[in-house]
Structure formats: structure tokens, C-alpha cells
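Asks: Residue numbers (full-length UniProt numbering), protein chains in the order written: chain A, 1 to 671; chain B, 1 to 107.
Keep in mind that the hints were calculated from the coordinates and are not lab data.
Hints should not be assumed to be uniformly reliable.
[Said to hold, decoys possible] Below, simulated SDA-like cross-link-like pairs (lysine to any residue); rule was C-alpha separation at most 20 Å, straight line: (1) A:K667 / B:M17; (2) A:K667 / B:Q103; (3) A:K667 / B:N99; (4) A:K667 / B:A85; (5) A:K667 / B:S70; (6) A:K651 / B:F86; (7) A:K667 / B:Y89; (8) A:K521 / A:F450; (9) A:K651 / B:Q103; (10) A:K667 / B:L94; (11) B:K72 / B:D2; (12) A:K651 / B:D87.
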Amino acid sequence: MPVNLTPNAIATINGGDVNLKPLVQVLDIKQMGSAQERFRILVSDSVLTQHAMLGTQLNDRVKTGLVKKGSVIQLIDYICSEVQKRKIIVVLNLETIIPDCEIIGNPKMFPDATAHKTLPNTNSVQPAGVVGYNNLSSQSHGNNMSSIQPALSSQNHGGNVQSFRPTLSTLNQGSNMQSFRPALSAQTHGNDVQSFRPTVQPPYQPPPSYRNHGAVMKNEAPARIIPINALNPYQGRWAIKARVTAKGDLRRYNNARGDGKVFSFDLLDSDGGEIRVTCFNAVVDRFYDVIEVGRVYLISKGSLKPAQKNFNHLKNEWEIFLEATSTVDLCPEEDGSIPQQQFSFKPISEIETAENNSIFDIIGVVISVNPSVPILRKNGMETQRRILNLKDGSGRTVELTLWGDFCNKEGQKLQEMVDSGSFPVLAVKAGKVSDFNGKSLGTISSTQLFINPDIPEARDVKDWFDRGGHDVASVSISRDCVSGGPKNEIRKTVSQIKHAGLGRSDKPDWATVRASISFIKTDTFCYTACPLMIGDRQCNKKVTRSGNSRWQCDRCNQEFDECDYRYLLQVQIQDHTGLTWVTAFQESGEEILGCPAKELYLLKYELRDDTRFADIIRSRLFCQYLFRLKIKEEMYGDEQRVKITVIKADKVNYSSESRYMLDLISKVRRY
Amino acid sequence: MDTSKPAIFVNGALLPMHVRKRVRTVIQVMGSDRGAVVGKSPDDLQLVVKGSPPSAPLTNFVEVIGIADSEKSIQAETWTNFGDAFDTYSYNQLCQLANGEYQHLFL
């Protein structure tokens, strides 16, 4: 045997020990839960085995193979707690001593008899159970029981029914087992197992239907303070000591189950664990006034539920729901080991590659603050918005958008500071990344802003700024960085549009083409359109003469004296690769011809000034434009035809076009 | 296009490489000094352009073609007004292309 596991470790832990730091062996690992990844391991002290849940912070040890079947580990932080009347060890910290090891000894399941589901014979079980307990523990060091062990261990893994059952059933098998017993008990090593018996619950419990009547020992001692990161729903009794870092407003809600009120606050403990606590209704009344930001509290009892990640961005998969039995006690003395706030600052440059809606802590120097402006939200409510710019040592600046109350509280203060010539440091806790106009950061309800906070990071960034960071050019990752038109602008040539088969997919393709106009169809260049408004948009349907001089719209079913004239312009465009027909409607038609369709219509059909009309058309020929095109294949009768529509036509800006082409040249692959 | 007398695109920094050769550049006119026009090259260096400017007043930007007679001056034969707005950045890039790896593409 290469290593000695700590004798009686399982029994000792079940007896309530938390200081033994025993060596145990992992016999099995199971992944639990669907929403939250969590691992349950079966640990052995070579005599007994017991299930243990690993804290999620230890998941990586399993995933990286540091903890696997056969590993000998040292339990560092752990407690034994009772979950659904089953004892289970919750492991908060461990060390791998031997990564891979043969199974040591012939361990059996710890007789946590509280979980029995069915028992063959209630009458005979009670005494048998006690015997069985001794029986199990006595097996520890003897090998003569090995013949029945396979059966036992196979049942251990079988499910929730604890392994104690096989022992019981073997007892029922009759007398040949009995003969073993004297020999076994003779092998019992000392009394150490026995001495822990009082804390181990009697191995018998009535069948399930009577379970609620079973005597449950109530532990009246105060619960042990554990780190927030060790909290999990499988723990009955716990207490945490933590500082309130944020307190939400009291909110009232109304849903199918009626009215209610809710408030929540965030906690931080000395190990850096953070968690949100939520109270509803009557519990709100008990605790709302008690909770003060910055104070330290002892909190005990409450249920743990999965954190609502869309509202709660703390680094914890759980959220505490306080209940009527919960206690929240203010710790009068200040606990310096718990920080006032916990940040995980990232450089601004990291926002650039961050996903939309991710949550960031940022610290930077405020270099400008825009005035607060009212914004109409989608739901019709008006809110305030204020944009400021933050700069840090990463060579980037980012826009921070303050919403609502932030504009008038912190925003106003920051504006006054910047206006008076100072550059305050701003720490943003939990800002949300937005990819509108480049990348920017916005406040959400759980965002916290700290102006010139007294933390080392603030001093660092201030130092950097004062030592020259102020003058360092930095690139904005917000709207400024999107230069040269829309992001999705894809340059194509005319032949590329044809040869790449653009427009063949379900969605239209978009392309920008620099081309000259080579021909404009003039026999029909516009149509008579309905000028009536439908909602906030003009109808624009084609209208027809209704007998006399009036116009009739079939869609609006109305007649009117004057109709509108809108472009429906067929244009041939040409670049160095080829030539294609495109269609330009009203706005883009006007961009191409430089005058309204009506003016051109009147010129041609009422004034019959063909010379001026031709001049206007000719003046556009061989002009270069940047055409933004929408390309889509459509059915015309039986025929599939690629239709190219001009969405926008801009006269080429030679300066910016030169820069664009110079940039292209610099990107040419060199051989 | 007259290819009989090719002129090399230069900026202020490239001019010294082409002394006694025919060059062309665009200057931003800053003033005149003893009969010569003082201007700023596309790369922001000061150049002196000698010769006789056209009778029409010079615009802000002027293209000059002539012989580089020193590292900082050109004896101009042709003066062309390029107007008051000109993208010197692109022109400077062009000068570098014309003297760099794409030199063979230029006259």
C-alpha cells in the first residue's frame, strides 16, 4: 500500500469534524445537475465510503484530471451536512496528493441509515441495523469478508438507496452469515469508530410514509460561518459574514399571483465571494430598513436558488432568498478583512473584443462629459441619457452612457468636475457592453459608479494620467472608430456582382460599387404616385387618371387633383470590369439626377423643353458615383432575374476614394 | 500624355534623391522670397520653387514640374493651380509609391 489513508476519516467527518484534513481516496466521480455543473465524488478512507459534493470552484480539478477515480486527496475545507435527510460531505477545498492510485482497502458505504427507502422487515431490522453498523465498521480491516464485498459495492453505485441495505439483506439470508460475525467483531480495531457514534444518527428510520414523524435532532448551536463561495443548496445550516456592497430599491410588482414587493442587496465576504440576496413581501418589511450599504452582517438561514443571470451579474451561480426564519444581524465592529467593494477591472481595450451585453468593471479617467439629454424609450417613457468618455492606460477610450438617475447624480457631479478643469477617476462596477456605434459601455440597474474611489487601481490610473497619459493619443472604440461608412460596406466590381452570384440567397445581398453612369432610360423615368398619407408614411402607390383631370388611387380608394411624381429610373452603370442595369427609386433617383422627378416631368411633358431635359440627363453621364446596391433575384413571370436597386448614390469624393485605394494597394499581396 | 519628358513624383524628403532630374510635386504656397515661391511640400517640408509663376494668381495648392536644382529647391517650368483644397496625405502616399516598390509602374 503506497499510502495510508486517514483512519476513520469518514466517520470522523460525519461526526462533525472539520479540522482533521484527512487523506481519502476518490472511488467514483459523477456529474450532477443539468443547469449547474457540479461533481459528486465517492470518497473512501479505505474502510468506509461516503458521498461528497465538490464546490463548483473545484470543478476544474475534475475537468483537468487532477481529481479522478483512484486519486488520493487531502480534504482541506469541508463540512458534513444533511441534505434531504442524507448526510453528505461538502468539499470546499482539497489537494491532490496522488493523482492515480489503486483502490486502497475494501471500503464500504458509510451507514447513513437515514436514507432507507424500503426495508424488508421492520421488526427484525432495528436490532439488525445496530449489528449491521458494527458489522460494517468491523469489516474494515478484515479480508475474510471479501466474498460479499462486490455485491455491496455494486449496490453502492446503484442509486440513492444507501449501501446499508445489502448488509441488511445479507443478514436476512440466515445463519451462515451469523457465523461470520463473531470473527468480524473480533477484528474491530479499537473503539474509535464507536466513539463517534453519538453524532451519527441511528441507522434505522421508519419507512417513507412515516418519515415526517421520525425524530429529528435539532442542532441549536449557531451555524458555522462559511465562505460565500461555499454556499450551495445542499446545505441546511449555514451562516455567512459579509458586507453589503449594494442595496436595490424597494420594487412593487403585480403578476398573476397578485401584488408584491421585492428588494435585493449584494454581499461580499472576506474571501471575495459575492452573492445577491433577495427578499419578498413580509421578509422585505423585516430587513429593508436593517440593511445598510457598507455595513457587515451575519446572515443565516435562507434558501439558495439559481441566480437570475439576466438581472444578477455577480460571480455566483446562486442567489439567497431570505425567509421568515432567516436571521440578519448587524456586526457592530468593523471587519477590515472584508473589502468595501470588489472590482475585477479590465482594460478598456478588452471591451473592443467583448461580446454584446457582457458585463465589465472599468476604471478610467473621465476626459469629457456631454450634457444630459432626454430620450424617449421604446415604451414611451422618457428617461435621461448622458454620455461621457473614459480613458485608461490601454491606449483606448470608450463612451460610457449613463441612463436615468445616474445622469443627474454622478453625471452632474462629473460634469462639474470636468468643467472646472479636473479629470476625475471613475470606477464603473457592472457596466454593460453595447455594440451600437462601435463598442460602448452603458449603465444598468445594478451598475455602481465610484468617483475618485480610494483604491490602488484609482491611484494607478491617476498616476498614469498625470505622468503623460493625459497627452497620449488613444483610439476610441466607440462611434469614432467606425470611419469610412457603414461597417457592412462591401466593395464589389460590376463583374463580381454577376460572377459571385449575388442575390441568389434568401436574403438580399448588399454591395457598394464605384461606377460611372453610361446610360439613363428616359422614355419612362418616373410614375404618378399617390400623395396621401397612410399613418406616417406616404402611400406612393401608382395612381391613374380617373376620366377627367383627377387622379385615382386604388389602394386609398380616393381621388385628388394633384398627384406626386416619383422616380423609377433605369440606369446603366459601368466600371472597369463591366456594365449592368440598375433601378433607382425616388431618393436615389434624385441623388443621381440632382432634381425632383416632378421638375423633370414638367420639363419634358408640360414645357416640352427637350433641350434642357437632354442637358440634365447628359450632364450625369460618365459621372462617377459610389452606388450602394441591394441585389436580389426575383421572379418576373417564369423568369428568374437578378434585380439590382440603388439604395444610395453618392458622387465620388476623390480624396476619400484615393485614400481607400491607397489602403487597398497597401493590402495587395506581394510575391 | 507627354511621355517625352517624364517627371518623377516627389515629396520634400524624396527631392534630394533626384537633384538635377525632372520632378513634379504639389506645394502649399506660403509666400515668396526674392522672386521665388516658398511652399510646403506634401510631407510638410519647406521647398523653394524658382522660375516664373504664371500671370494668374496662384491658388493655395500648386503643382510644379521642373528640374530639382538642389535638395530643397526646384527650377519650375510648369505651374498648375490645383485649387484651395487638396488632400496632401494621398499625394504624399502617391510619391512614396512612385519611389518605392511600384516604381516600375511610373514613368
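Asks: With reference to the structure, classify each hint as holding or not holding.
Replies: Checked hints:
A threshold of 20 Å between alpha carbons decides the hint, and for K667 (chain A) with M17 (chain B) the separation of about 27 Å lies outside it, so the pair is violated. For a cut-off of 20 Å, the pair hint linking K667 (chain A) to Q103 (chain B) stands: about 17 Å separates their Cα positions. Among the hinted pairs, K667 (chain A) with N99 (chain B) is consistent with the structure: their alpha-carbon atoms are about 18 Å apart, no more than 20 Å. Distance check on the hinted pair: K667 (chain A) and A85 (chain B) sit about 27 Å apart at the alpha-carbon level, beyond 20 Å; violated.
Note on K667 (chain A) and S70 (chain B): the hinted pairing is violated, with a Cα-Cα distance of about 35 Å set against a maximum of 20 Å. A distance of roughly 17 Å separates the Cα atoms of K651 (chain A) and F86 (chain B); the hinted pair therefore holds under the 20 Å criterion. Taken as a hint, the K667 (chain A) and Y89 (chain B) pair is honoured in the structure, with Cα atoms around 18 Å apart against an allowance of 20 Å. Proximity of K521 (chain A) to F450 (chain A) is assessed by CA-CA distance (about 64 Å); at most 20 Å being required, the pair is judged violated.
Restraint check: the Cα-Cα separation between K651 (chain A) and Q103 (chain B) comes to about 31 Å, which exceeds 20 Å; the hinted pair is violated. Among the hinted pairs, K667 (chain A) with L94 (chain B) is consistent with the structure: their alpha-carbon atoms are about 15 Å apart, no more than 20 Å. Restraint check for K72 (chain B) and D2 (chain B): the C-alpha separation of about 26 Å exceeds 20 Å, so the hint is violated. With a C-alpha separation of about 17 Å, the suggested pair K651 (chain A) and D87 (chain B) falls inside the 20 Å cut-off, and the hint holds.
Checked against the numbered hints given earlier, the structure breaks hints 1, 4, 5, 8, 9, 11 and satisfies all the rest.
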